[in-house]
Structures are given as structure tokens and as C-alpha cells.
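K.L.:
First to last, the sequence lines map onto chains G and E.
So the first sequence is numbered by my numbering: it starts at 1 and just counts up by one.
So the second sequence is numbered by my numbering: it starts at 1 and just counts up by one.
One or more hints might be untrue.
Ranges of calculated distance between the beta carbons of each label pair, as one might list FRET restraints [unchecked claim]:
1) E:Gly-161 - G:Thr-289: 21 to 29 Å
2) G:Glu-129 - E:Thr-169: 51 to 59 Å
3) G:Pro-365 - E:Arg-219: 54 to 62 Å
4) G:Val-120 - E:Gly-161: 31 to 39 Å
5) E:Asp-103 - G:Val-120: 52 to 60 Å
6) G:Ser-336 - E:Arg-45: 51 to 59 Å
7) G:Glu-445 - E:Thr-169: 53 to 61 Å
8) E:Asp-38 - G:Val-127: 44 to 52 Å
9) G:Val-120 - E:Thr-169: 45 to 53 Å
10) E:Tyr-112 - G:Ser-235: 56 to 64 Å
11) E:Asp-417 - G:Thr-289: 31 to 39 Å
12) G:Lys-230 - E:Asn-461: 41 to 49 Å
What the hints contain is simulated information worked out from the structure, not anything from laboratory work.
Keep in mind that this is a model prediction, so the values were computed, not measured.
We put the CB at the ideal spot given by N, CA and C, even for glycine.
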Amino acid sequence: MENRKRGAAGAANRGMEENTMAILDTSGFNNSKISHHLNDDRLAFLEAVRCASLLSDDGSAPTSIMFEAVFQVLRDEDSLDLIMGSYQLLVDLNKRFPPVYLSKTEKSESSSSSSSSSNVISQLVVVQEAWSPFTFGLDSYNEKAVADKQSRGSVDSLNFHALVQEVVKVARERKSEAVEIKFLRNMLLLQYLIIILEGDFLPRNCAYQENKDWTVLRKSLLNMLLGSRKIIYKSLIEDCLCIMCDLSDDQTELSSEMSHNRRHSGNLLQEIDTAVVLALPEVEKSTCTVLKKLVLMIMELDLSRSMADLQGFTTRADGVRTPAVDIILEELIYNSNILSSFLQVFDEPKWKLKIIVEYFHKYIPKSSIRTRRSIDQVKDETFDGVLKCLSNSNSTKSIVKKLSTDVAQLLLAHAFQAYLSLSLQHLPGGVSELKEDVKGSSLVEVCKNVITAFTSLRKEDGETEIFPFGNEALFTAATILSTKS
Amino acid sequence: MTDMYDPLDFEFEEPIRISPSVPKKKKKVIGLDDLLEDHEKEQKRIKDRKCKRTKIKNTSDSEEDEDATEIELSKCVDKCQKEMDQINDDDEMPLWGIQVFGDQRTLPALEYPEPRSCVTLQSIMNHKLNSLVELKIEKGEPFLEGLLVDGWLLKLIFTLGQVEKSISTWIFNLMLYSSKERSRKAACEFWCSILSPEIEVNSSDIKIDWLPSYSDLKRALDIYGFLLDSPSKLSSDIDMIHADSDTAGPPQNIRCWIKYVAVCCQVRNTHLIFSTSEAEDLLGVIISLFLDRQLLGLFMILHACMHSVISFFKDEEWHDSCERVAKSLGWRLPRDINCLRTVESISGSNGRSKHLRSAVAKQFLIRCLNEKECDAEDILRMLISINVKDKNCDLSKMYIYLGLAENWLLFDPTLKDNAAIHEMWGICLRNCSCGIAITDLRSYASKVRSKASYLLQGMANK
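Please work from the sequences and hints to get the whole structure.
P.N.:
Next comes the structure, spelled out in C-alpha cells:
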């Protein structure tokens, strides 16, 4: 019964597919106006897919061929109209027909009637036949099938990293004339791919938290992407950091320069498509946000993975991978130019505080040596501990010697900001991890300690002035103190 | 069984296909700039040709015979050229797009809050810790802006649980009128955070002394050069010519404006900022922004904003509001290819959005057919009465009508089970798909034909 129904639906889908794909059929045109018409037809095609799949009440997901055609538009086209249209359509389709999702079912427990009569069990549903822009074959195995798929427009780990690198390149060397549509398109493409990774990872990670089944996460797109031997995982992370920092840095200069130019020379206005100029800051900002999400997801994956490691669920096939936090820390320590902009962009308080505290701990003199891997240590590494260290003039001296006052101030101020964000989030008590960082001392105490820490930093190095960001942190701490006490 | 899913039969009507194989994928797609470039090249070529011809005339004055044939020949070539141009011109499809923003007015100067009146600043001045920060009154302005940009002000406000009027007006003006990206971005985040509960803490904890009103937003739009509001600019006056003055087009602040409107609409339960009629007006404004090509890159945030404004209305308000918005758009916007663009920009992602899409399409259709009030059957009867075989029939209009009617009929809940309407719609589609021969060379003929066939096939599939 079920099968027959699906068969009929499949036939109807095929009909829809042929009918819709016919819009893209180009055989009718043969003259110079062809591109104009092609453009029009592609727009009509996007609209037809939207109508058929998203707008009608009983719409079914587009077939793989149609999906691929839409994705191809996003990858290849140069018209802003088409890029925006296809991006929005793909994102909407992903929302309406998620390939992986959790379905909540209520399961009544008859055996233990005393405690809870019904329990909400979430079940992971993976739609097997769903289309995905990614293909991760096994690295060497089945080359031909993979090559076949690629020619039809799928993205593998190599393509993904290449795309990231392309965005890095433009973001870094950008001058005002580099404002072009291709950059915009690449950023949107990257955003879409990360949205797909996210849609796949988040429900899987949720399911993993519940039932501790590592295979669910092992099969996640993100894990397959990072585990691929075709790319260098470490440089992918570094490139992601680069994009985040470069985009947030240049944004201000570029746009002010742009508005400046716009006012003074008419020529430039004609050269640069105003639409792109208006859109770029927005797209850059959303690219930053999405990359931040990617980095966070990788960190969460690392957490789940180390948990699975401890429980002995990982196998040799999983390979070894340095946790992303370590790579990021290393990058921040050895590439101090990005430190400031990274801390500014990366505003997820929980992880930010964690990273800063770990940064400090590399320089805080330790009374006893412990292994880095042991979990017990995590409890020790808190913001409180760092503040205590900085209030002690001896340990402050040794930190400043190794770390320079500027960096110490920057880290301290950002840690305080992250701490404030955490203390402002009224989170349900279940999240013990968060509380760990925030509890300990009250807000007033922390403010006092921050002020003491800044004072002792300044004492160590009388010449350096406290830079604006640190000043603002001090002001905030002082104001909170003056109103709360 | 197999017949049903074969490609459409019109594909095979033509005995000889010009190129049975699909041509190689064209990577380059023509944008506005390319069109302009092509046009300039064409102009240049014509000029060159003219120059050459005059040269020829000058040099060959002596050889009359040769000259005569040459003139004859060039005349002939010119004639051919002209005809070809004409054919191409006929085929030219107008692009959608109207100028929604004209010249900007000068953005108002930003006024910093008077530090002495600002309690937050005041408290620190008197505090003994001020010796550490060494904040001076005269340095207060840039310092305050720094606090905002680096995100401290937001943390401070959340901890204190109150926003003073002087600070909130200052930040609001920064958001809408500052030329510095950092400032306006931070200001926009500030307002969105204190209004919207999901981003930070429970917003009811925060006392906001002053909330910007609808008129503040409209004033900003006016300063940005928004054209569609002034009564003198009716739809007939709107043109596609882009002004080349330096201040044409909205400033970057328009992005903040759009986001702010979205957030205001989301928080109706805690802060009632707009009245229903104001929200209706804003919905119309947002939809009209889709028609300006300069804002094409803001597609995503415009979509999100439209979604928020649509969900602003209460269930009992929606029906009437939706009709009013549709009517006002029908009056305000031009009745050409832009109608289709307007309808298609309404995403239809939920029931209300579909309703709006259908209502707007219907209003446009009524306007295009120059009718005042008519019911569904009247409209369809009029569409059926259009004779597409008539040489003078404007097929480009027919193309627009088909698109509008499709959207109207597909999403109008009241017409869903109306068999009579569907039958009429079928007749109309068959008129177009069978009435236009594949050899018809009129512009839009093939477009109307394939659109109608596609829709017919869609009906058959159901």
C-alpha cells in the first residue's frame, strides 16, 4: 500500500520534473539575445520550483535533478537577481524539507508508573533519498562514482576548502575595486553549504547527547568533511579564522571609503554596481556569523567526540584530529595580529571565556604539573582563577613578562565581557557547564577583582596606558559596582 | 500511461529542430552593465560606419560610377541592418525595476546626549574610581560611542535594567543617520537586543524610557529619498531612469532601518510600537522596496522583514489588512512587468503570505484590466475574451496577466474548490497554448505559449 502510493507520487514527480526542467531547455534560441532569454528562463525556473514545492500545500520536494539545477544557478551565475533568488530558494527548501531532523514522540512508560507516565523521546530521522550538495566518497575508493557525481555539481571536501580559500583571498587583498559579484556569490555559496552542514549536525548531535550513539555523529556531513584526507584540516580551520577576522576588520574601512567615494566622484558610482555596494556589508556580516557557527559546531563535535573516545566508541577508522580549540589557541598565540579582531568577532560567551582562560593558563605559573588531557583540570581553569592570579603581583609580573601588558589587558577585558554575557543569560539550572564559569563569586566581586587586576597590570608597566577597550571594561565594572553596592 | 509523462507535444510539432543538442552552458549572463556596454559598442559601431561612409564619399568624388554602386550597396546594407535591429528591438523584454529612492537629503547632524543629564555617566564622575578611568566630561562623547561600539553599553544597560531617554534617542539616531559602519551596526544591534527578548535576557526586565515611533521611521525614509510616498508621484510618474547625481539611492543605513522595522513588529506583545494601519503602510513600503534594483542585494533581510511585518497582525485583523495593503499597492505601483516582480517577491512561506500574494495578484489584475470592482468570473471572462490570434494583441500584457492570474487562483482559499473557475482558467490557458502557433514570430508569443502549456500541464498533473 505504502509502496504503491510512493510509486504514484514518484511518477507525478517525474512529470513535474520534466515539465519544469523544460523551462530551462535552451534549444529554441540561437541568436545574440540568448543570454537575456536564458536569464529570464532561469528566473522563471526558480519561480516554478518555488511554486511547485514551497507554495502549494501538498508540494513535494524537488527531484534531485531539479535541486541540482537550482544549485548550479547559485554556483555559476553572475546576475545578482539569480544569485539572490537561487540562494533564498535553496535555503527555504532546506527549511521546508530538512534531510535530517528529530521527530518527537511521546512514549508512555508503563513499567515505572510512579515517576513519570510519559516521556518525550526524540528520534533521529534521516531522509535517505534527500538531495545534498555534498558528496564525500571514501577517499580513494570508488573514484569513478565520485567523479561522476562531481561533474553533476556536487561539492566534496576539496571543493569546500577551495571555496573557503577563495573567499580568504579576496577578503584579504580587498581594495575597493575588488567589489565584485563573484565575491558576493562565493560568500553566499559558502553560507548555504554551512547551513546544510548545520542542519545535518545539530539534530545528530542532539540525538547523540541523548543516546550516546557515536555512529550517528560519525556519519554527519561535518565529521566526514573534517575527516577527509583530501584536505588539511588544520589549514581549513586557520582559513576560517582568517575570513572571520579579515571580514570584520575591513568592513569598516571599506564601507566608509565607499561612502566617501560616492560623495566625491560620480565615476566610481557608475563603475560599481550600487546594489553590490549596498549588499556587501550585509553579506560579509552574515558570512562572519555563519563561519562562527561552523567553528562552534566543530568545537561541539570535538566535545562529543572526546566523550565518545572516553567511552570507547570511536574506532581506528575515526582517525586522530587535534581539537579545534587547540588549533585556534595556537593560531592566536603565534599570530597576534588577529587576536584583537578574533576576540571582537567571536562573541559566543561560553567558548570565548573558555579560550581566553586557556590562553591565560598557558602563561600562568603552575604550582604542580598536570597532564593537559585530564578532565579534572578543567574545573581549575576558571575566570576566577585567572583573576586571582592577576591580583597577585608576583604572578602578574611573570605573566606580563611573557605576555606583554597589551595582550593581557585585551584578554582580561574580553573575558570580563564574556563573563557579563554569561551572567546575564538566565539559563535553566540544567546546564552545569555554564554555571561553573559564572558561579564562584558574585557579579560585584568579579567587578572588584577586574578593577584590581587592571590596577596591578598597570602597576607592572607604568608606561603603557590602558587602551580604549580596557578603559571601557573598567568603566563598566566601576559603574556596575557603583549602582549595585 | 507513458503518454502522460512524455514531454509536451508542442516540442515535436516543428518538423526540423534547429539544434537538437543542448548548446554548451553559457556561463556569462547579461547584467545591466553588460547591456549598457553592448549598447555603447553598438553606438560606436554605427558612428564608425557613418564616418567611413562620409570618407568614402569624399575620396571617391571623381569616380562616379563606382560611387553609385557603392551607395546603392551601402543603402541596402543599412536597410538590412535597420530591419535586423527592429527585430531585435521587438524581442527586447523590459526588465523589472523602478526607482524607489531619489536624492538623499542631508542626514541630520547627530546630537550627543548631554553628559550632565545622563545619569549613567554622572554616577561614574562622582565615583572614586574615576581616578582610574580618568574620564573627563569633554571626552564623554567619543567615549560613549566607544562603549556602544565595543558592546559594553549593552551589557551595562542589561545589568542596570534601564535605558534613559537621552541615550536611547542618541543611539536611535546613530543607527539611522550615522555614516560610520561600526557605529550604525552597533546601534542597530543595541536596539534589536533591548527590544527582542530572545537575543539576551528577558526584555521585560528592562525599562525603556523612550521608544521611537512610526513617524520617526517615516521621517528617516523621507530623508533617504523615498519617492513612493509623496502624493505627486503617482504610478505614472515613476520611471526607470536612474538619477546620476551623487546622492541618489538610499544610504547604507537602510539596512538598519529594515532590520529595526522587523524587530519592532516581532515584539508586539511587549512593546506596541505601531498601530495596525501603520503596520499596513510599512508592509506596503517593504514590498515596494523589492522593486528597486539597488536593493536587490538586500533580498534576504527584506524577506525576513516582510515575514515579521506579516506576522505582526492579529488573526482577526489580518483579512482586512491584507486586502487594504493589496489595494494600495495596486494603486501605487506601475502596471507592467513590475506587477509580476511584486507578486513573486512575496514569498508565500506561510498561509498569510500566500493570502497576500493572491490578493495582490488579484488587485493588479483588476487594475490592469481597468476595472473597478469585479468578481472572479468577470476577470476570467475578460481574460478569455482576449484574442491572442489577433495581430494587434499585446502578448506582453497577456504574459503578465497569465502570471498574475496563476498566483491569484493558486492561493485564493475561497476559489480552491470552485470547479467553474478552474474550468474557465483551463479555457483561457488552452486559448493561449493552442491559439499561438509555434511559428508565431511576435515578441512574447513563445513565452505566452510555453507559460500556458506549463500551467496546463500542472493542472493535468493534479
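K.L.:
A separate judgement is required for each hint: does it hold in the structure or not?
P.N.:
Quick rundown of the hints versus the structure:
The hinted range of 21 to 29 Å is satisfied by Gly-161 of chain E and Thr-289 of chain G, whose Cβ atoms lie roughly 28 Å apart. For Glu-129 of chain G paired with Thr-169 of chain E, a C-beta distance near 56 Å keeps the hint of 51 to 59 Å intact. Taking 54 to 62 Å as the suggested C-beta distance range, the pair Pro-365 of chain G and Arg-219 of chain E conforms, at roughly 60 Å. In this structure the hint that Val-120 of chain G and Gly-161 of chain E lie 31 to 39 Å apart at CB holds, the actual value being about 35 Å.
The given range of 52 to 60 Å is respected by Asp-103 of chain E and Val-120 of chain G, whose C-beta atoms sit roughly 58 Å from each other. The hint said 51 to 59 Å for the Cβ distance between Ser-336 of chain G and Arg-45 of chain E, and at roughly 58 Å that hint holds. At roughly 35 Å, the beta-carbon separation of Glu-445 of chain G and Thr-169 of chain E lies outside the given 53 to 61 Å, and the hint is violated. Taking 44 to 52 Å as the suggested C-beta distance range, the pair Asp-38 of chain E and Val-127 of chain G conforms, at roughly 46 Å.
Remark: the range hint 45 to 53 Å for Val-120 of chain G to Thr-169 of chain E is upheld by a beta-carbon distance near 47 Å. Taking 56 to 64 Å as the suggested C-beta distance range, the pair Tyr-112 of chain E and Ser-235 of chain G does not conform, at roughly 46 Å. Checking the proposed 31 to 39 Å range against Asp-417 of chain E and Thr-289 of chain G shows it is violated: the Cβ atoms sit about 45 Å from each other. In this structure the hint that Lys-230 of chain G and Asn-461 of chain E lie 41 to 49 Å apart at CB holds, the actual value being about 42 Å.
Violated hints, listed in ascending order, are 7, 10 and 11; each of the other numbered hints is respected by the structure.
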